[in-house]
Amino acid sequence: MAKAQKPTSNHGGLLPFYEALQLIRQCEERLGQLFADGEVPGFIHLGIGQEAVSVGVMSVLGTQDTIASTHRGHGHALAKGIPLDGFFAELLARADGVCGGRGGSMHVADMRVGMLGANGIVGAGVPIALGSALAHRNRGTGHIAVSFFGDGALAEGVLHESFNMAALWKLPVLFVCEANGWSEFSPSARQIAFDLEAWSAAYGVPCVGVDGNDVVAVAEAAEKAVALVRGGTGPVLLECRTTRVRGHFEGDAQKYRTADEGDARDPIAIAEARLRAQGIAESELAAIADEVRARIDAAVTKARASGPASFAAARADVYTPLVLGEAC
Amino acid sequence: MAKAQKPTSNHGGLLPFYEALQLIRQCEERLGQLFADGEVPGFIHLGIGQEAVSVGVMSVLGTQDTIASTHRGHGHALAKGIPLDGFFAELLARADGVCGGRGGSMHVADMRVGMLGANGIVGAGVPIALGSALAHRNRGTGHIAVSFFGDGALAEGVLHESFNMAALWKLPVLFVCEANGWSEFSPSARQIAFDLEAWSAAYGVPCVGVDGNDVVAVAEAAEKAVALVRGGTGPVLLECRTTRVRGHFEGDAQKYRTADEGDARDPIAIAEARLRAQGIAESELAAIADEVRARIDAAVTKARASGPASFAAARADVYTPLVLGEAC
Amino acid sequence: MADLRYGAALNRALADAMAEDGDVIVMGEDIAGAGGSFGVTRGLLDRFGAGRVIDTPISEATIAGAAVGAAMGGLKPVFEIMFMDFATLTMDAMVNQAAKARFMFGGQCSLPIVLRTPHGGGLSAGPQHSQCLEAWFAHVPGLKVVCPSDAASAYGLLRGAIADPDPVVFVEHKGLYARKWDAPDDLAVLPLGQAAVLRDGRDATVVCYGAAVHLALAAADGLAAEGTSVEVIDLRTIQPWDEATVLASLARTHRLVIVHEAVEAFGVGAEIAARMADVGFDELDGPIVRVGAPFMPVPFAKGLEAAYQPSAAQVVAAIRKAMGREFSQEA
Amino acid sequence: MADLRYGAALNRALADAMAEDGDVIVMGEDIAGAGGSFGVTRGLLDRFGAGRVIDTPISEATIAGAAVGAAMGGLKPVFEIMFMDFATLTMDAMVNQAAKARFMFGGQCSLPIVLRTPHGGGLSAGPQHSQCLEAWFAHVPGLKVVCPSDAASAYGLLRGAIADPDPVVFVEHKGLYARKWDAPDDLAVLPLGQAAVLRDGRDATVVCYGAAVHLALAAADGLAAEGTSVEVIDLRTIQPWDEATVLASLARTHRLVIVHEAVEAFGVGAEIAARMADVGFDELDGPIVRVGAPFMPVPFAKGLEAAYQPSAAQVVAAIRKAMGREFSQEA
Ligand SMILES: Cc1ncc(C[n+]2csc(CCOP(=O)(O)OP(=O)(O)O)c2C)c(N)n1
Ligand SMILES: Cc1ncc(C[n+]2csc(CCOP(=O)(O)OP(=O)(O)O)c2C)c(N)n1
Ligand SMILES: [Mg+2]
Ligand SMILES: [Mg+2]
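Chains as they are written, first to last, in the UniProt record's numbering: chain A, 1 to 328; chain B, 1 to 328; chain C, 1 to 331; chain D, 1 to 331.
It is possible that some hints are incorrect.
Stated by the list, open to error - Label pairs and their calculated CB-CB ranges:
1) B/Gly209 <-> D/Ala50: 31 to 39 Å
2) B/Thr63 <-> C/Ala19: 58 to 66 Å
3) B/Ala313 <-> C/Lys180: 32 to 40 Å
4) C/Arg325 <-> D/Asp200: 30 to 38 Å
5) A/Lys255 <-> C/Ala50: 52 to 60 Å
6) C/Pro294 <-> B/Gly38: 24 to 32 Å
7) C/Pro294 <-> B/Arg295: 35 to 43 Å
8) C/Lys180 <-> B/Gln33: 25 to 33 Å
9) A/Lys224 <-> B/Gly251: 47 to 55 Å
10) B/Glu197 <-> C/Ala50: 25 to 33 Å
Stated by the list, open to error - One-sided excerpt, in silico: chain C residues whose CB lies under 8 Å from chain D:
11) Pro127
12) Gln128
13) Ala270
14) Val289
Since the hints were made in silico from the structure, they are not lab data. The beta-carbon is built from N, C-alpha and C at its ideal position, and this holds for glycine as well.
Use the sequences and the hints to build the structure in full.
Here it is, written out as structure tokens:
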């Protein structure tokens with residue numbers, strides 16, 4: 001194990017990005033392992049290869065900006081600041097999970113950090129982000145909402161409805177398409193007939209395309225896009241071309257796919273190359289990775305120590321307890 | 001009343017168009033009157049001002065080509081060849097109605113002439129046309145499907161889903177947008193943020209725009225569009241700019257609207273002007289109008305003579321009667 | 001006391017709620033400029049402005065989904081779905097998102113959303129503009145379902161629904177909008193979940209909601225003339241429904257009839273009957289009889305629709321049947 | 001006789017129906033190349049080609065709407081909705097279009113459509129991937145609803161559903177796909193609407209469908225050991241359900257329990273209980289007891305989900321309660 005060594009500079013902001021990339025990557029890898037070991041129940045969809053999208057976009061958001069996510073939402077949640085303990089405890093279905101063990105991977109959410117939820121329904125987060133943007137505007141918060149969705153989700157009707165409505169009302173919403181080329185087991189190109197940039201432009205929503213695996217490129221593009229959105233001119237679409245390295249979900253045998261795809265574009269490798277070009281020491285990189293690993297270890301240990309999710313607590317949360325007389 | 005006089009020529013095909021325009025116009029006017037008199041129950045949405053779209057498009061379709069229509073579907077049904085008797089009997093809720101008096105204005109349909117139904121749900125006819133096109137292709141009929149929808153309907157998610165799917169599968173479907181500028185009581189411009197031509201082009205669906213009030217222009221544009229669709233290159237969109245002369249429905253006080261709009265573009269007047277330019281005698285025009293009126297009179301008389309819709313018959317048509325052993 | 005229409009009561013409820021709480025907004029198709037297809041939102045645009053009274057495109061799925069996001073952001077959206085039949089387009093947002101958010105996010109949020117929508121026939125509006133689909137929503141944990149029967153309860157329950165922290169499907173009956181009732185000037189806010197005993201009786205209990213309440217009252221009037229005393233319970237809230245009030249009434253009358261305009265099969269009445277056939281079994285002295293629409297779509301023709309909609313005569317017959325007197329002479 | 005899995009039986013039913021009738025097509029997300037999320041359509045693409053085995057984009061509303069148009073054009077579309085929770089997106093097409101077309105067009109057409117979809121828990125799939133929503137569809141005139149409990153009935157009912165001229169919602173249980181049963185090589189096509197008495201009994205009747213059938217059978221086994229004889233009726237078809245068979249059984253046993261995995265409140269069991277509390281009232285010697293899920297979304301955690309799903313022990317307790325022995329000692 002590399003010797004821990006404090007970084008000497010943040011390398012023009014890149015080091016915090018690198019750390020965030022490492023955090024997501026290692027969380028995903030750990031979850032893959034925990035899933036394989038039978039410790040994580042249900043379906044999990046890992047975002048390995050797509051980390052730079054989450055990190056780059058979130059780098060230009062504040063805590064009170066809101067995001068609505070997808071079934072592949074771990075990276076979004078982590079980059080937005082969900083606490084690691086509650087995150088792992090949720091994935092492990094424990095009482096201390098951020099959602100009390102009732103939601104799991106597809107429903108991680110943390111309202112305190114503006115993470116309005118992963119979502120098991122493809123496309124469903126998009127109108128939620130739209131509504132959140134409406135709330136930002138109506139309440140004058142000055143914050144914006146961000147809607148993440150995949151390229152397969154582009155086929156859902158709500159995408160169209162939401163683009164139309166957001167454009168019409170010039171809402172402060174940033175649409176982020178994570179174009180990983182796949183919609184489950186099918187290439188997205190076999191499901192989406194339209195050109196995204198032209199389509200978006202038809203609504204008057206400017207489309208900014210970017211290499212979604214280069215965190216610096218994403219952050220720069222997101223900065224410009226978010227500036228436009230905050231400026232009040234209406235929604236912007238950020239198209240992040242990225243790679244789904246793993247199967248659609250863990251356990252997917254991926255018979256539909258050749259093995260070598262995408263490796264060359266690994267977001268971590270791209271960030272490391274940049275850092276090396278800036279002369280970072282290997283030991284600094286290793287130290288970051290180690291420190292992240294230690295945090296994850298601690299979170300997993302804590303999660304395992306947490307009790308099982310409580311049925312009584314779940315049952316009590318179907319409705320909001322009424323303070324006597326409150327509702328009238 | 002003008003003396004009946006057989007037309008001496010069909011004026012380059014324009015006279016049958018004129019007759020069809022007259023038929024729709026007079027049916028709509030008669031229905032408006034019957035509604036005001038309390039003889040037509042429910043909601044009716046008249047297509048006065050939009051007749052040329054129905055006549056022009058249907059002029060290039062065969063009986064086995066199929067259409068899926070909207071809440072404003074009388075013109076579509078009539079131009080597609082629904083028998084007048086069954087049409088009026090349906091609107092008057094009689095047993096002899098083409099739908100047995102169970103559907104009324106928003107559900108007139110005649111499968112024998114490829115009219116798959118008016119529809120009370122905005123946008124819902126679009127996927128139905130798509131499926132009909134799939135059936136045409138799979139069964140090798142060589143026919144095409146046509147989907148009519150309003151400009152307000154463009155906001156519905158199924159429009160997007162259907163454009164995408166039709167383009168992806170290169171289905172033989174013609175999309176016809178009747179852009180009358182209104183979505184109920186609101187200008188469509190306040191509901192639709194996108195440019196239709198650019199939007200359609202994004203899916204690779206060519207958009208042909210046309211003056212929807214000039215039947216000749218519609219017929220010519222439709223001819224070209226339908227030729228493309230029949231040619232197997234995939235869907236085409238025909239955007240017909242037209243005018244809703246009456247309220248959204250009969251009884252609509254139209255407080256949201258100034259009175260003078262659109263009159264100058266009356267499709268009947270435009271067709272008459274063309275015919276006059278070709279030297280048609282006024283008496284020929286009048287004779288056509290009279291003959292149409294007589295047919296309508298006869299249909300209304302017959303409808304009135306028809307018995308009330310039968311409850312027992314309706315009850316029996318919820319499911320298809322099973323021939324013994326048929327379903328297994 | 002003054003005459004108050006059901007529609008006007010709803011309008012007043014919206015205005016009062018908006019005046020009290022700046023986070024309440026209303027959205028829907030043609031609800032601002034035009035004041036809504038049934039006039040319920042009339043005047044709100046002028047009073048509260050386009051920021052809070054929002055005309056939407058024809059995009060029901062996204063309207064409902066946006067309400068979820070808006071509620072997460074602190075607003076209290078009240079949105080109109082023009083006909084309950086179009087609520088078919090909002091089912092993901094209502095059922096998978098709104099109903100479950102509190103539960104599946106571990107109690108992190110409450111979603112104070114109201115979906116207002118009219119159901120029911122009587123306008124010859126045909127099969128796609130007349131359905132009563134409240135039983136669907138009542139089957140969904142996390143949603144509440146309300147259906148008022150008169151002006152005062154329309155006001156009180158809509159205020160209660162808007163004040164409620166959880167998503168509420170608020171069902172109005174098209175046939176009631178224009179009806180008026182004597183109502184106090186100072187209308188009360190009503191909490192959800194409480195039924196109202198509109199008429200006391202000894203011989204049979206009729207449970208009903210919405211427009212069907214008036215059939216039940218008419219039937220009770222008719223039977224009173226021949227000495228049969230019928231208790232009429234207006235459920236008001238369908239989910240959660242007031243089981244205690246129904247059971248207490250059954251324990252007095254021992255006979256139960258349930259009436260609604262929705263299709264009888266798999267309707268709201270089924271749940272009430274099923275519960276009473278369990279927890280109320282020992283109180284039952286006769287069959288539980290339901291009155292609802294037959295198993296067919298709502299037909300267009302006036303005559304067909306009239307035959308389709310439940311009638312007071314059917315309620316009378318049902319009460320007789322529940323009382324074991326189905327073969328007695330007609331009234 | 002050979003071992004047959006539920007999923008394989010469905011696959012064979014699709015293949016046989018497609019081989020017999022060139023108008024049968026299958027559509028859905030990843031059902032062609034990938035053979036479906038649960039493998040039910042595996043091999044069909046190779047055998048019948050991309051013209052009849054069609055991978056669609058993620059556009060549930062339009063898939064269902066297109067099925068309506070395709071059926072009007074003479075095809076017999078069988079489309080898969082990957083999880084029943086996503087059927088929320090098809091409600092307009094299914095309820096306003098498919099269910100009503102024959103009726104509202106005056107009997108001009110029949111729509112032979114099958115919506116295949118899996119429901120139910122057991123996979124820790126969480127609140128948006130586990131729901132049992134069949135009661136919604138059963139409330140809609142014009143639709144039929146089917147839910148098989150084992151391999152042979154899965155085959156027979158799917159063939160019956162495809163052969164049926166009207167739209168059918170065909171519900172499969174995720175937990176059953178991989179289970180196998182002894183089944184004849186020559187599987188029979190089953191007509192819709194007929195329940196199966198899987199076990200004769202004297203003392204109580206249990207009505208159930210889908211995966212709950214196995215809870216009922218286990219409960220019956222358990223009670224047999226102590227001398228209680230339980231009749232188990234597998235409904236198979238939920239709409240129209242076989243009232244005659246249920247009533248005849250009740251007339252013998254005089255005790256009724258209904259079991260399903262769906263949420264109890266406003267579920268399918270409510271209708272069966274309500275009908276029996278009416279037409280079967282005179283036969284009832286005890287309360288009608290239902291076993292279903294509690295009124296909450298389906299939780300993710302294994303332990304919570306296990307506590308949420310109905311169990312054989314609950315069925316045993318319900319039978320005891322229906323028999324008036326709820327205070328007797330535990331088995
Ligand atoms: C409404 C709905 N339909 C289908 C699914 C099943 N499903 C889950 S993920 C997925 C593919 C999504 O593709 P994309 O949006 O590109 O996201 P990615 O998986 O590539 O991140 C599908 C079809 C779903 N969850 N919700
Ligand atoms: C799903 C749905 N939402 C709303 C309505 C109510 N509605 C009927 S027509 C209409 C406006 C349609 O506008 P457009 O598509 O332009 O057709 P036009 O009336 O102009 O012919 C609306 C909102 C409906 N029938 N269905
Ligand atoms: Mg993708
Ligand atoms: Mg229009």
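Next on the checklist: Going through the numbered hints above, which ones does this structure break? Give me the numbers in ascending order.
Outcome noted: Violated hints: none at all, because every hint is consistent with the structure.
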